[in-house]
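*Asks:* Each chain, letter by letter, is given below.
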Amino acid sequence: MTLSTIATLGAALSLLIGSGFVLVGVVGLLKFDDPMTRLHAPTKVGTMGIGMLLLASLLASLAKGEPSIHELLIMAFLFVTAPVSANFIAKVTIHRRTCETPPAPQKDSTWSTLDTPDT
Amino acid sequence: MVRVYNWLFPHPLLTLILAVVWVLLQNDVTAGMVVFGIILGIIIPRITAVWWPDRPKSFRMGKMFTYSLMVLWDIVVSNIHVAWIVITVPNAKLRPAWIVIPLDVKHPEAITVLAGTITLTPGTVSADLSSQGNSLLVHVLHTDDPDAVRDDIKNRYERRLLEIFS
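Chains as they are written, first to last, in our numbering: chain E, 1 to 119; chain W, 1 to 166.
Chain W with its partners taken away, still in its complex shape:
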């Protein structure tokens, strides 16, 4: 039974995402479309299995969901913050800074999510990864205290990602 399950769903999360995306693309929730989405969700992971040999072993869906909600909220808050900076702070007083974030997360997937989160929240853009993948280079639009921004990113996002991809 377990072997059949593993053969059918080598990557259960990908199967779920593909089925949901297919139904959303059709814009029409009917039983036929759901079944076809699940069929796609079984075929595509089997064909593409070669390209994800070292995927993270555990992935916590519930924590990822709360993380996404938190990031959405942060996007709204920091958008207003950055809009205020754009309108009120003149160029001469703008203090952009590079910050270096030493990474504790090691999974490529987790680093990608962290870098994406940093870029999506306006005011910070992740610019580069160090040659061995141990640090992340982030550009901040306007800050008086670069160390505080670094600690904030580490505590707020990276700690949660460590739990999600543990």
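Next up, chain E with everything else stripped away, as it sits in the complex:
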């Protein structure tokens, strides 16, 4: 078995695993009924799902004999930016009070999202 065969098989396997996680993420998005629990499903798609798909792309480029490492960059940027968007969706949910009200923090008076001026 040559290196390119192994890389192709690896790419196929990571495609399967990645799309499996994307599928589970979508199922979760449709199944859960609360905005906050629904937020948990896309975080899975954004990490393992996309990660495995990019790994497949990396392995496929290796198999073709023209190695590419752009995928590592995509993964790095995605891992840095994904929590920010999740955080903003959570903040909107808290701000519009469409979820259960969170418990008060221990030291400070309130959460920064709920800390709005009265007027």
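One or more hints might be untrue.
Said to hold, decoys possible - Calculated lysine-lysine pairs in the BS3-like style (CA-CA distance at most 25 angstroms, straight line):
1. W/Lys57 / E/Lys91
2. W/Lys57 / W/Lys106
3. W/Lys106 / W/Lys63
4. W/Lys106 / E/Lys91
5. W/Lys63 / E/Lys31
6. E/Lys91 / E/Lys107
7. W/Lys63 / W/Lys154
8. W/Lys154 / E/Lys107
9. W/Lys93 / W/Lys57
10. W/Lys57 / W/Lys154
11. E/Lys91 / E/Lys31
12. E/Lys107 / W/Lys106
Unchecked claim - Just a sample of chain W residues kept apart from chain E, beta carbon distances all over 12 angstroms, derived:
13. Ala49
14. Pro53
15. Lys57
16. Asp151
17. Glu163
Honestly, the hints are just simulated from the structure, not real lab data. Glycine included, each C-beta is placed from N, C-alpha and C at the ideal position.
Following the hints, position chain W against chain E.
*Replies:* Frame of chain E; chain W shown alone:
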């Protein structure tokens, strides 16, 4: 000599990251690209120096590397865990919870890394910071024991981050 070094590399880590990202973007490791990456890595930190006046004084690269590997492993493990919850646990039996994590880390950078880590490991999403920055609000998808999750995050991630940004 030290002054020249400080003038050229006000933020050595940023210089390194910029050079590496530039080479990766080119998808081509040649001497010219490396040199151009280092030039970018010297110019950009000098121009943007105004925006990071209070950056952490010490940053341990080696510990950050092992921390990243640990987080990657945790992402894989908890992904499988959450996928199992999504498939098997019906909505009525799902027990989501808010947990409040009192923060010991004080650097904004360290809090950002901690919040990012919490969100990246599926099953927990960091939702909000308290108004003075002393607590972090985290939402857990399904747990029987919220206190255990809080202690786990504090022991596993925050303790290491305290060492990295000490």
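*Asks:* Please go over all the hints and tell whether each is borne out by the structure.
*Replies:* Checked hints:
no.	hint	in the structure
1	W/Lys57 / E/Lys91	violated, 31 angstroms
2	W/Lys57 / W/Lys106	holds, 13 angstroms
3	W/Lys106 / W/Lys63	holds, 18 angstroms
4	W/Lys106 / E/Lys91	holds, 21 angstroms
5	W/Lys63 / E/Lys31	violated, 39 angstroms
6	E/Lys91 / E/Lys107	holds, 20 angstroms
7	W/Lys63 / W/Lys154	holds, 17 angstroms
8	W/Lys154 / E/Lys107	holds, 17 angstroms
9	W/Lys93 / W/Lys57	violated, 47 angstroms
10	W/Lys57 / W/Lys154	holds, 23 angstroms
11	E/Lys91 / E/Lys31	holds, 22 angstroms
12	E/Lys107 / W/Lys106	holds, 14 angstroms
13	Ala49	holds, 21 angstroms
14	Pro53	holds, 22 angstroms
15	Lys57	holds, 23 angstroms
16	Asp151	holds, 15 angstroms
17	Glu163	holds, 21 angstroms
In the structure shown, a violation is registered for the earlier hints numbered 1, 5 and 9, in ascending order.
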